[in-house]
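Chains as they are written, first to last, in the numbering used here: chain A, 9 to 145; chain B, 2 to 329.
Treat the hints with care, since some could be wrong.
Stated by the list, open to error - One-sided and incomplete, this derived list gives chain A residues near chain B with beta-carbon spacing under 10 Å:
1. Lys17
2. Thr18
3. Lys27
4. Tyr37
5. Arg57
6. Thr85
7. Gly88
8. Glu111
9. Ser113
Since the hints were derived computationally from the structure, they do not count as laboratory data. Note that beta-carbon positions come from the ideal geometry of N, C-alpha and C, so glycine has one too.
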Amino acid sequence: MVHIYFDSKTGNVQRFMDKVTQITGWKAYKIGPTTTAKVPGHLVTFTTRFGDVPDTTREFMNREAKQIFTVSSSGNTNWGRNFALAAEKIATDYSVPIALKFELSGTMNDINQFIEIIKKNNYYYECKHGSIKLDIA
Amino acid sequence: MSKKFTAVNWNTPENDYALLFWEQNIKQFWIDTEYIPSKDIDSWKRISPEIKEAYKKALGGLTLLDTLQSHTGMPKIIDHITCLQNKAVLSYMCMMEAIHAKSYSTIFSTVSSTAEINEIFSWVEENKHLQFKAATIDAFYRAIDKENPTDEEVYMAIAASVLLESFLFYSGFFLPLWLCGQGEMVASADIIKKIIADESIHGIFVGLIGQDIFKKLPNQAAVKERVIALLHHLYENELKYTEEVYTEVGLTADVKEYVRYNANKALMNLGFDAIFEVKQVNPIVLNGLNTETTQHDFFSKKSTNYEKSTEIVHLKNEDFEMDATVNI
Chain A
9 MVHIYFDSKT
19 GNVQRFMDKV
29 TQITGWKAYK
39 IGPTTTAKVP
49 GHLVTFTTRF
59 GDVPDTTREF
69 MNREAKQIFT
79 VSSSGNTNWG
89 RNFALAAEKI
99 ATDYSVPIAL
109 KFELSGTMND
119 INQFIEIIKK
129 NNYYYECKHG
139 SIKLDIA
Chain B
2 MSKKFTAVNW
12 NTPENDYALL
22 FWEQNIKQFW
32 IDTEYIPSKD
42 IDSWKRISPE
52 IKEAYKKALG
62 GLTLLDTLQS
72 HTGMPKIIDH
82 ITCLQNKAVL
92 SYMCMMEAIH
102 AKSYSTIFST
112 VSSTAEINEI
122 FSWVEENKHL
132 QFKAATIDAF
142 YRAIDKENPT
152 DEEVYMAIAA
162 SVLLESFLFY
172 SGFFLPLWLC
182 GQGEMVASAD
192 IIKKIIADES
202 IHGIFVGLIG
212 QDIFKKLPNQ
222 AAVKERVIAL
232 LHHLYENELK
242 YTEEVYTEVG
252 LTADVKEYVR
262 YNANKALMNL
272 GFDAIFEVKQ
282 VNPIVLNGLN
292 TETTQHDFFS
302 KKSTNYEKST
312 EIVHLKNEDF
322 EMDATVNI
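In isolation and in its complexed conformation, chain B is listed as follows:
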């Protein structure tokens, strides 16, 4: 008897959360071209060359992580998830990761020349800390690139994925949020905040699937220790990466605190306790997350900001000069 293929049947829930996450993902849908980072051109001219440099590197690093996640992480994990509805949600998330990866280029294209952009992408390829992040996570994805991986192998790939999405992104997210919190680069930050909202639900969902598999493992204590060891391994690298990107702009200590804060949240998504003592997240960053922009599309109710307009005319001071002679 040959293999029987099963069709996904959404009329019978396979668990109590797949449909909830499917619907939430759909509501969060967005594409990069609906945003207008070119509004940030004036802001970009104002900020210092050091911050510009760090900003480009931060976005370059984020691009690499989203590329890895959409091209390898999600597809490999989908292959070994048995619940068809969960697979469907993961494939949707995989598609969003591709939109995330592209959206950084949309920001780059408005603030940098082609030569500068190419330089950043070469920097990504050459930077040993970034390459270390990608290689470390990729190894867990590649380990399940076979017919019958063990539950532990699948679980570790899922845990690596949660660490990438809920922890490793944040050294990069820090700068756009910090700038937005003080009114700079706010249009680009709208895109970044959409990505953060997506990564937040990805972390919870993939974490939930991970917790289901974890419950079946016979050697839970040992596997949990592997996850914590992996987190520390990546954390040491994050500290070095942070120093490299942020020392020039004097934000290293704040970024490191933000990295620890998010490492705790990644652990919680996996159902574990926080391990780092975190005192205070930089309030400007929290302000960046809280900032509501003026971009609204009143016809669709999505997240905090959304804009889909075809014709936009920016108001200028001259528009209010009412000095024309009117003949009556």
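Same shape as in the complex, but just chain A:
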């Protein structure tokens, strides 16, 4: 099972996640001030102000970064180089690889691409994280 922690303010990431969970049946948890990541999973957030990470996401990552496999961010190309920059800042600050940058609530292409990337990599991360024991014998 894939677990996704997401942050949303204007509803764009919420709608993106609604579609992802509808298609895949994955578990999604909206980040609040006290959200913890009991099970390891992926992060989907948005970019705010001028290419910044939302405060709620940063507080969550300060607590739970070690439980997070990948980061994705919503954004808007109208912001030029600041487009979905939150993903890059999180990648740098918490050493988490970027899965996807998408615009607003994402097109169907974005959603399918996101699902493909997570599917392809989730097992690898779960093994690496130790939440799945590899049978090496």
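Given chain A's structure and the hints, the job is docking chain B onto it.
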């Protein structure tokens, strides 16, 4: 008992986004005269007469939309929004629309003669596709120009406003971005990019207010269909407008793709799904958005570029000729 008037109280949040948008808007504040489009005079001399013509028309069309938005769209909508903090944010946006409308004139004044400028403004009045855009949107604004409009009427005015700001502007924005993406008219593009940043947050904010009202509507499916029908109606007109402005410069297909791309984004701002299949936005346009200019004001942290200087001396090659005799 006469009507009770309420004062806006910012110490008690009315929702979880008004203050956020108020602050973002303040941080994005700018005025046209802080930019120096006259730096583009050399560039303007280089570009072809056909592109010049299209550029002037694109900016003329943009001026009309910003005029409509600041003089009619925002004021009419503000009148029917109950949340006082949201009203305050909208009135700030209304003021910025007036600055946008004026800023195109600032660009015009550096590249065109008075006669040429007047010609463009007459073209705006005579162009049937531009007039169609303005009339179509204006009809939804005028429909709420009364005491007690229905929720659906208010919602449709808001949806029309989002379509104007997140969709109809982009056939015009295309050309300055495309030129900037290849290093032409970059100083003027700084102004255009400030406008695009503003329109981006206007679209989200007005879209959010729209989504709040939409949730209360009893006939959501029917109203959504009205919005989609309106978008198609405007889209057909955008295609014709695009052909008229861009055929001479051979950019029609790329502009149409950019128009569809932004139509999708306008729908997302209203909380709906994208409806157009978009393959590839012209990479030069994206490059235009990504271009960081050399204009920086290190004392204020605003967006990607900002300049507020009172005395500017441009460097010339001759400044580096160190051939003067120095007597020691």
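Against the structure, the hints:
| no. | hint | in the structure |
| --- | --- | --- |
| 1 | Lys17 | holds (7 Å) |
| 2 | Thr18 | holds (6 Å) |
| 3 | Lys27 | holds (8 Å) |
| 4 | Tyr37 | violated (19 Å) |
| 5 | Arg57 | holds (7 Å) |
| 6 | Thr85 | holds (6 Å) |
| 7 | Gly88 | holds (4 Å) |
| 8 | Glu111 | holds (7 Å) |
| 9 | Ser113 | holds (5 Å) |
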